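Sequences are here, hints too, so could you generate the full structure?
Protein chains in written order, with numbering that gives the first Met the number 0: chain A, 0 to 162; chain B, 0 to 162; chain C, 0 to 162.
A hint or two may mislead.
The list cannot tell twin chains apart, which means a pair is met if one copy fits it or any two copies do.
Claimed, not checked - Below are the EDC-like pairs computed for lysine to aspartate or glutamate, each with C-alpha atoms no more than 20 Å apart in a straight line: (1) Lys95 - Asp54; (2) Lys99 - Glu69; (3) Lys77 - Asp139; (4) Lys95 - Asp128; (5) Lys78 - Glu108; (6) Lys95 - Glu69; (7) Lys95 - Glu108; (8) Lys9 - Glu152; (9) Lys119 - Glu152; (10) Lys37 - Glu152; (11) Lys99 - Glu111; (12) Lys60 - Glu135; (13) Lys96 - Asp107; (14) Lys6 - Glu111; (15) Lys53 - Glu111; (16) Lys53 - Glu135; (17) Lys101 - Glu69; (18) Lys95 - Asp140; (19) Lys53 - Asp140; (20) Lys96 - Glu152; (21) Lys101 - Asp54; (22) Lys92 - Glu69; (23) Lys61 - Glu100; (24) Lys101 - Asp128; (25) Lys6 - Glu152; (26) Lys60 - Glu100; (27) Lys9 - Glu155; (28) Lys96 - Asp128; (29) Lys6 - Glu155; (30) Lys9 - Asp128.
Derived by calculation from the structure, the hints in this document are not laboratory data.
Please read these numbers as outputs of a predicted model, since none were measured by experiment.
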Amino acid sequence: MTTEVDKNQKLTMIVFDGDLDKAMASFIIATGAAAMGKQVTMFFTFWGLNVLRKDESANVKKPFLEKMFERMMPRGPKKLGLSNMNMAGMGPKVMKKMMKEKNVSSLDELIEMAQDLDVKMVACTMSMDVMGLTQEELIDDLDYAGVASYLSEADEANTNLFI
Amino acid sequence: MTTEVDKNQKLTMIVFDGDLDKAMASFIIATGAAAMGKQVTMFFTFWGLNVLRKDESANVKKPFLEKMFERMMPRGPKKLGLSNMNMAGMGPKVMKKMMKEKNVSSLDELIEMAQDLDVKMVACTMSMDVMGLTQEELIDDLDYAGVASYLSEADEANTNLFI
Amino acid sequence: MTTEVDKNQKLTMIVFDGDLDKAMASFIIATGAAAMGKQVTMFFTFWGLNVLRKDESANVKKPFLEKMFERMMPRGPKKLGLSNMNMAGMGPKVMKKMMKEKNVSSLDELIEMAQDLDVKMVACTMSMDVMGLTQEELIDDLDYAGVASYLSEADEANTNLFI
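In structure tokens, the structure reads:
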């Protein structure tokens with residue numbers, strides 16, 4: 000007799016993009032699923048890591064290219080652009096205003112909500128290494144892992160999205 | 000005894016992007032799956048809602064920001080751009096011409112085909128609210144729902160894509 | 000009695016985007032999964048086909064629009080841009096340098112590794128037709144198929160990603 004795990008109890012997401020709108024979408028799905036009692040794992044990789052950055056500089060010493068990349072990439076939820084109609088930063092401002100008027104939670108609030116709901120947030124260590132990002136530059140309470148860990152978690156879940 | 004549902008009978012997609020090429024890809028998968036007898040649910044959110052817009056203005060009264068957003072976003076399949084090589088609107092024209100020559104259905108035709116094959120097309124109500132889009136501005140025969148409804152449908156399907 | 004296939008033995012991906020970073024992500028997942036003993040099928044469609052192009056021109060005779068498209072699209076892994084911070088080609092150079100320093104395999108190496116690990120790479124015939132790409136312009140040892148073939152493979156896999 001095999002004990003069949005209920006894969007509907009779990010959902011995973013790879014958050015590859017670092018755009019405000021895609022980050023919003025992924026956290027709306029994550030918090031919605033967690034509120035329904037599902038175990039949710041979000042795996043942040045490449046530009047998705049920018050969603051997890053602290054908004055102040057951590058003053059970590061690093062080589063020139065890493066420094067340059069770090070400076071050019073948006074630092075945390077407040078700095079993210081839109082995948083569409085970004086209009087040099089106007090788009091995100093307009094969208095945030097529209098969301099606030101409709102009482103939609105901000106990305107900051109969604110991330111906090113996800114942490115309260117025990118959504119597991121994993122930073123991809125290989126991407127961190129390539130982009131020269133260190134643990135002290137990212138928000139607290141993250142897990143750190145690689146692709147093998149993601150694949151094992153995906154095996155346990157019915158819904159696995161790449162965002 | 001549990002009655003095990005065959006998850007291969009169902010497929011879901013979140014259509015987040017509003018680009019012509021991604022919309023084409025999602026409708027090619029949707030109509031292909033429906034033609035194979037699968038139940039297909041497409042959940043349109045954020046820019047994906049533009050795919051469902053009527054091409055004429057519905058003259059709905061709305062606040063300034065919503066009006067501005069509405070005017071700037073592409074109105075329906077004929078106005079969508081490409082995610083790549085858009086070249087200020089030249090790209091979509093070239094691609095449409097190439098598709099027509101190869102007898103590939105246009106996006107308009109694919110949407111009609113999807114409706115004939117009973118593909119369930121759902122507009123995300125939260126996104127509609129944020130972007131200030133109303134039901135009368137979208138094509139007919141849509142369903143309207145939120146993230147919880149999507150998650151329930153995804154639980155019933157083996158293949159769940161985010162496009 | 001039904002023989003239940005273990006869906007965790009298989010993983011599929013649709014590679015739609017032709018950006019260096021997304022291609023890297025898909026091959027890192029593919030080789031990781033194959034190294035864990037999974038059967039992996041990558042289905043390349045639309046811009047994703049650019050990842051599979053040979054870097055020299057195959058001098059295939061084709062109509063004007065196809066020729067133009069072919070010339071403008073990046074020819075193979077070495078020519079791909081980034082989805083973010085492309086900066087007119089500077090971004091990919093910087094990222095490649097950073098990856099090399101961290102001993103991360105290049106896309107070329109990852110593709111070779113995938114082939115060694117028997118990852119099944121399928122070129123979408125409809126996309127090839129639309130974009131005017133022929134088999135001799137793509138790398139060797141590919142499979143050629145359409146959406147129905149993808150859907151059948153997805154039915155056999157637990158994790159199905161759209162990248």
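A quick look at each hint next to the structure:
In the homo-oligomer, the alpha carbons of Lys95 and Asp54 lie at most 20 Å apart inside one protomer (18 Å), although the nearest pairing across protomers, at 27 Å, exceeds that limit. In the homo-oligomer, the alpha carbons of Lys99 and Glu69 lie at most 20 Å apart only across protomers (18 Å), although the nearest pairing inside one protomer, at 29 Å, exceeds that limit. Only within a single protomer do Lys77 and Asp139 lie at most 20 Å apart by alpha-carbon distance; the minimum there is 17 Å, versus 37 Å between protomers. In this assembly of identical chains, the alpha carbons of Lys95 and Asp128 lie at most 20 Å apart only when taken from different copies (13 Å versus 32 Å within one copy).
Taking identical chains as interchangeable, the C-alpha atoms of Lys78 and Glu108 lie at most 20 Å apart only when both belong to the same chain, with a minimum of 15 Å there against 34 Å between chains. When the C-alpha separation of Lys95 and Glu69 is checked against a cutoff of 20 Å, the pair qualifies only between copies, where the shortest distance is 16 Å, while the shortest distance within a copy is 24 Å. Taking the shortest Cα distances, Lys95 and Glu108 sit within 20 Å of each other inside one copy (12 Å), while across copies they are farther apart (35 Å). Proximity of Lys9 to Glu152 under the C-alpha cut-off of 20 Å is found in both arrangements, the shortest distances being 9 Å within a copy and 14 Å between copies.
Within a single copy, Lys119 and Glu152 get their C-alpha atoms as close as 11 Å, which meets the 20 Å cut-off; across copies the closest is 23 Å, which misses it. For the identical chains of this complex, Lys37 and Glu152 are neighbours both inside a copy (13 Å) and across copies (14 Å), given an alpha-carbon limit of 20 Å. For the identical chains of this complex, Lys99 and Glu111 are intra-copy neighbours only, at 17 Å inside a copy versus 36 Å across copies, given an alpha-carbon limit of 20 Å. Taking CA atoms no more than 20 Å apart as the test, Lys60 paired with Glu135 passes inside one copy only; the shortest distance there is 12 Å, against 49 Å between copies.
When the C-alpha separation of Lys96 and Asp107 is checked against a cutoff of 20 Å, the pair qualifies only within one copy, where the shortest distance is 14 Å, while the shortest distance between copies is 33 Å. With identical chains, the CA atoms of Lys6 and Glu111 are never at most 20 Å apart, being 26 Å at best within one copy and 33 Å at best between copies. Taking the shortest alpha-carbon separations for Lys53 and Glu111, only the intra-copy value of 13 Å comes in at or below 20 Å, while the best inter-copy value is 37 Å. Within a single copy, Lys53 and Glu135 get their C-alpha atoms as close as 9 Å, which meets the 20 Å cut-off; across copies the closest is 42 Å, which misses it.
Proximity of Lys101 to Glu69 under the C-alpha cut-off of 20 Å is restricted to the inter-copy arrangement: shortest distance 16 Å between copies versus 33 Å within a copy. Taking the shortest alpha-carbon separations for Lys95 and Asp140, neither the intra-copy value of 26 Å nor the inter-copy value of 30 Å comes in at or below 20 Å. In the homo-oligomer, the alpha carbons of Lys53 and Asp140 lie at most 20 Å apart inside one protomer (12 Å), although the nearest pairing across protomers, at 44 Å, exceeds that limit. In the homo-oligomer, the alpha carbons of Lys96 and Glu152 never lie at most 20 Å apart, since the shortest distance is 36 Å inside one protomer and 31 Å across protomers.
Proximity of Lys101 and Asp54 under a CA criterion of 20 Å is satisfied in neither setting, with 26 Å inside one chain copy and 26 Å between copies. Proximity of Lys92 to Glu69 under the C-alpha cut-off of 20 Å is restricted to the inter-copy arrangement: shortest distance 16 Å between copies versus 23 Å within a copy. Taking identical chains as interchangeable, the C-alpha atoms of Lys61 and Glu100 lie at most 20 Å apart only when they sit on different chains, with a minimum of 13 Å there against 41 Å within one chain. Proximity of Lys101 to Asp128 under the C-alpha cut-off of 20 Å is restricted to the inter-copy arrangement: shortest distance 7 Å between copies versus 39 Å within a copy.
In this assembly of identical chains, the alpha carbons of Lys6 and Glu152 lie at most 20 Å apart whether taken from the same copy (10 Å) or from different copies (14 Å). Only between protomers do Lys60 and Glu100 lie at most 20 Å apart by alpha-carbon distance; the minimum there is 17 Å, versus 41 Å within a single protomer. In this homomeric assembly, Lys9 and Glu155 come within 20 Å of each other (Cα to Cα) both inside a single copy, at 7 Å, and across copies, at 13 Å. In this assembly of identical chains, Lys96 and Asp128 lie within 20 Å of each other by CA distance solely across copies; the values are 13 Å between and 35 Å within a copy.
Taking identical chains as interchangeable, the C-alpha atoms of Lys6 and Glu155 lie at most 20 Å apart whether they share a chain (6 Å) or sit on different chains (11 Å). In this homomeric assembly, Lys9 and Asp128 never come within 20 Å of each other (Cα to Cα): the closest approach is 28 Å inside a single copy and 29 Å across copies.
When each numbered hint is compared with the structure, violations occur for hints 14, 18, 20, 21, 30.
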